[in-house]
Structures are given as C-alpha cells and as structure tokens.
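Visitor: Sequence:
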Amino acid sequence: MPKMENEVMLKVGDRVSAQKVPILGTIKAKGVSRFTVQVRWDDGEWGWCDVRDLTLAVPQEYKITCDECGYSEMVPQSRLAYEEAKTCPKCRKGKMWWVPPAEEERRRRLTGW
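Residue numbers are given in the UniProt record's numbering: position 45 of the sequence shown equals residue 45, and the series is strictly consecutive.
Source of the hints: derived by calculation from the structure; they are not laboratory data. Cβ atoms here follow ideal geometry from the backbone N, Cα and C, with glycine treated the same way. Among the clues, some could well be false.
Distance ranges between label pairs, derived from CB positions [what the hints assert, rightly or not]: (1) K95 to G44: 34 to 42 Å; (2) G70 to R34: 47 to 55 Å; (3) C69 to V12: 39 to 47 Å; (4) E73 to K11: 29 to 37 Å; (5) T111 to D53: 22 to 30 Å; (6) Y62 to Q38: 22 to 30 Å; (7) K63 to I23: 38 to 46 Å; (8) M74 to D42: 31 to 39 Å; (9) D50 to G70: 44 to 52 Å; (10) M74 to D14: 39 to 47 Å; (11) L110 to E45: 32 to 40 Å.
Straight-line C-alpha distance at most 25 Å; calculated DSS-like pairs for lysine-lysine [unchecked claim]: (12) K30 to K11; (13) K11 to K28; (14) K30 to K20; (15) K63 to K90; (16) K30 to K63; (17) K93 to K63; (18) K63 to K86.
Can you make the complete structure from the sequences, with help from the hints?
Guide: So, in structure tokens, the structure goes:
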C-alpha cells in the first residue's frame with residue numbers, strides 16, 4: 001500500500017499497529033498536520049504518530065478456556081475480560097479465562113486437556 005493512502009484510510013477509533021512499537025493502539029484524535037494522529041497504546045501510553053508509520057491492525061481472536069472442565073472457545077479481543085471471567089456455558093461451574101499459549105501447553109501435558 002502506498003504510504004500516502006494511509007492518511008485517508010485511518011480514522012479516529014481505528015485499531016492500529018506501528019513498526020517501532022510491538023503492541024496495538026487506538027487512534028484517539030487527529031493532529032494539526034494531516035499526517036499526525038494521537039494514539040493510545042494498549043500498555044496505557046499516549047503518543048503522536050505519523051499515519052505513514054501506522055497500519056490497520058487485524059482483529060485478533062483469543063481462546064478462553066474453562067478452569068474446571070477444559071471447554072474452550074474463541075472470542076474477539078473486545079470481549080476478552082481481564083477483570084472478571086464469564087461462567088462456562090458447558091459445565092456452569094467453572095470460569096472462562098484467557099491462558100497464555102505456553103501455559104496452555106504446560107496445562108495440557110499435566111491434565112490431558
């Protein structure tokens with residue numbers, strides 16, 4: 001994609017990523033220049049960025065797993081709750097949590113699911 005196209009394509013509210021920053025962010029405001037936008041990164045930092053250095057982020061899905069029965073499902077990042085977990089729709093006892101891939105592999109070897 002030519003760099004000049006990015007100015008038109010990105011708008012306030014878009015999820016973006018940058019080559020120099022390894023995390024995602026959200027565009028919060030347009031700048032004085034037509035090429036600058038204010039971005040709030042997912043780690044809590046704010047910054048002004050050149051739109052020519054940003055790309056539209058691909059929506060990601062995460063696997064959440066029940067801590068009781070092992071049932072899992074894919075959810076979009078917007079539904080990924082860090083503070084409170086939802087009740088498992090299968091066993092109705094456990095809670096659905098996101099588990100980092102390395103931890104999930106370790107748990108699978110230990111428990112069999």
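Visitor: Please work out if K30 and K20 have their alpha carbons no farther apart than 25 Å.
Guide: Cα-Cα ~20 Å, so holds.
Visitor: Is 39 to 47 Å a correct range for the gap between the Cβ atoms of M74 and D14?
Guide: 22 Å, violated
Visitor: Okay, K95 versus G44 on CB: inside 34 to 42 Å?
Guide: 26 Å, violated
Visitor: Lying within 38 to 46 Å: is that true of the beta-carbon distance K63 to I23?
Guide: Check failed, 20 Å falls outside 38 to 46 Å.
Visitor: Determine whether the Cβ-Cβ distance between D50 and G70 falls within the hinted range of 44 to 52 Å.
Guide: Holds: the Cβ-Cβ distance is about 46 Å, inside 44 to 52 Å.
Visitor: 31 to 39 Å was suggested as the range; check whether the CB atoms of M74 and D42 agree with it.
Guide: 19 Å, violated
Visitor: Hey, K63 versus K90, does the alpha-carbon distance stay inside 25 Å?
Guide: This hinted pair holds, its Cα atoms lying about 15 Å apart.
Visitor: Holds or violated: 32 to 40 Å for the Cβ distance of L110 and E45?
Guide: 37 Å, holds
Visitor: With the threshold set at 25 Å, check whether the alpha-carbon distance from K93 to K63 stays at or below it.
Guide: Given pair K93, K63 holds - Cα atoms ~19 Å apart, limit 25 Å.
Visitor: Honestly, do G70 and R34 meet the 47 to 55 Å range at C-beta?
Guide: 51 Å, holds
Visitor: Do Y62 and Q38 keep their Cβ atoms within the hinted range of 22 to 30 Å?
Guide: Since the Cβ atoms of Y62 and Q38 sit about 27 Å apart, the hinted range of 22 to 30 Å holds.
Visitor: Does K11 lie within 25 Å of K30 when you go C-alpha to C-alpha?
Guide: 8 Å, holds
Of the numbered hints listed earlier, those contradicted by the structure are 1, 5, 7, 8, 10 and 16.
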